[in-house]
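A.B. asks: The chain contents come next:
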Amino acid sequence: MGDTKVETISRLAQWRIENFGPCSFKKSDPFKVGIWNWHLSIERNRYLSVRLFPELSRVSKEQPPYARFVLRVSNVGPNRRLYISPVYEKILRTTDDCVWHVDSTFHGRFTIDVEFLDLKICSLNGGEASPVWPTDTTMQSISTQTTLKCLSRMLEENILSDVTIHTSGGTLSAHKAILSASSNVFKSMFHHDLKEKESSTIHIDDMSRESCMALLSYLYGNITQEDFWKHRLALLGAANKYDITDLKAACEESLMEDINSGNVLERLQEAWLYQLEKLKKGCLMYLFDFGKIYDVREEISSFFRQADRELMLEMFQEVLSVWKPV
Amino acid sequence: MSNQKKRNFQTEAFKHRVVVDPKYADKTWQILERAIHQIYNQDASGLSFEELYRNAYNMVLHKFGDKLYTGFIATMTGHLKEKSKLIEVAQGGSFLEELNKKWNEHNKALEMIRDVLMYMDRTYVESAKKPHVHPMGLSLWKDNVVRSPKIYSRLLETLLDLVKKERTGEVIDRGLLRNVTKMFMDLGNLCIRLILRSLFWMLLLCFTRLSLRSLLSLVIVGITRRKLRNV
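These protein sequences, in sequence, are chains P and E.
Per UniProt numbering, the very first residue in the first sequence carries number 1; after that it's consecutive.
Per UniProt numbering, the very first residue in the second sequence carries number 1; after that it's consecutive.
What the hints contain is simulated information worked out from the structure, not anything from laboratory work.
Beta carbons: idealized from backbone N, C-alpha and C, even for Gly.
Do not take every clue at face value.
Simulated restraints on C-beta separations [said to hold, decoys possible]:
#1 P/THR144 <-> E/LYS67: 25 to 35 Å
#2 P/SER200 <-> E/ASP43: 17 to 27 Å
#3 E/LYS67 <-> P/PRO134: 56 to 66 Å
#4 P/ASN222 <-> E/GLY175: 32 to 42 Å
Please model the complete structure; the sequences and the hints are all you need to start from.
C.D. replies: Take a look at the structure:
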């Protein structure tokens, strides 16, 4: 009996039965759609009962399918009859979860189709079912990856670059469109009829070539953690200057992570300069609440000599707030 | 170790040495002031946006935002006073054209200056709760040009004259009229109300036989303005 095999294509599974023969029950071989192996079975009693159920396995137990599908039965031959089931939408675990009775008998060859309209993995703890076929979000993530690859090639291979950046340590090539889309400062720079627009060059004298390259890598989406770490002070300055808020926040976050007595005064100065409230608070707490000011006694006097008055005032207020006279 | 720490901090102090120069703010402001002059004289193509922006940025970063803000207002006021004199001496029919030309020049310059001072707008202006550069520039134009005594009344008369001319079937420069009307809209409610009220009463007094159509159109203009204001 070679007619237990079910052919599948895309979301359609088709079982061609040559002849029911003398038996009253037939079960198909397993066929795979989505992540499950499925079976169809037919039984002849008063009706023709068609069942669809997943193969008993770990997958179908732990990740039961939530399926929306249609069944069709038709006989082959001159007087073709076609029966179509209603659209089922249910969780399928056992052989009894989906039984469709067709009020007709079939002799000779006939065909059973299952067309899956949607397949989801049912969540056992009551959460939302997750689709097994690509959805908008998976598509989006593929697209994002492709775009990032393209952007990265644009920078590395200078594809159609249209602006030269002169830094204090050499030149770099970039794209006006990318710069303009990332920063309003660059957008204005190429909007007005000033030197940059006409000559397609920018002189960024306050950045080294390496730091500027790190900035470009960030804008083109391929910066490495190592480069970010190495250039984060320069990146912070650039992010503040060119109004790239995400980068500024990332730098502040990173500078918060490794405050120590060797860099706390420098960090405080940076925080003050770029108005980084979180970092400033962190430095002040490190110095006063945690008493680390005694570790930097030497440096603090030179710091006080040149620190801004307002910053000194804030430091003094912090001292007062933690000072608890006995 | 202690030496290492010290060096670290000194490197930072060195990095921001820019503030140590007592004449830093004056020098930087001079560069920017010269640039504003060049922008108003339409001689800006040789200026570097990055350089100007960096100078303005550093001034604000090193707490000279106040100097930059007052400086920009003073320089712009000076230019507008000059422009206002040039408009005043314009003869007859060229008066409105001159006004419109200068208004366009001012708008272009203002847009460029606003962008150069973008960092100041974003930080200093916000924290000091002062008007932003663009509205400030418009209000300076209103105070120094539109409300200048020799211009204001003449402007009303000229507009009125245009309406009168059109009524008698003469061809007028509608484009020019539209631009000047647009200027009032850009300058905001106060100016529109002022001008409209004056125009309305003058029209009523002068033309008792005011055609129903022009009266209606004036009323519609007034209503639209009011609606716009309430949006």
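A.B. asks: Holds or violated: 25 to 35 Å for the Cβ distance of P/THR144 and E/LYS67?
C.D. replies: violated (46 Å)
A.B. asks: Verify the CB-CB distance for P/SER200 and E/ASP43 against the hinted window 17 to 27 Å.
C.D. replies: Holds, at about 21 Å.
A.B. asks: Between the beta carbons of P/ASN222 and E/GLY175, is the distance compatible with 32 to 42 Å?
C.D. replies: Violated: the Cβ-Cβ distance is about 51 Å, outside 32 to 42 Å.
A.B. asks: Quick one: are E/LYS67 and P/PRO134 within 56 to 66 Å, going by C-beta?
C.D. replies: holds (59 Å)
Comparing the model with each numbered hint stated earlier shows that hints 1, 4 do not hold.
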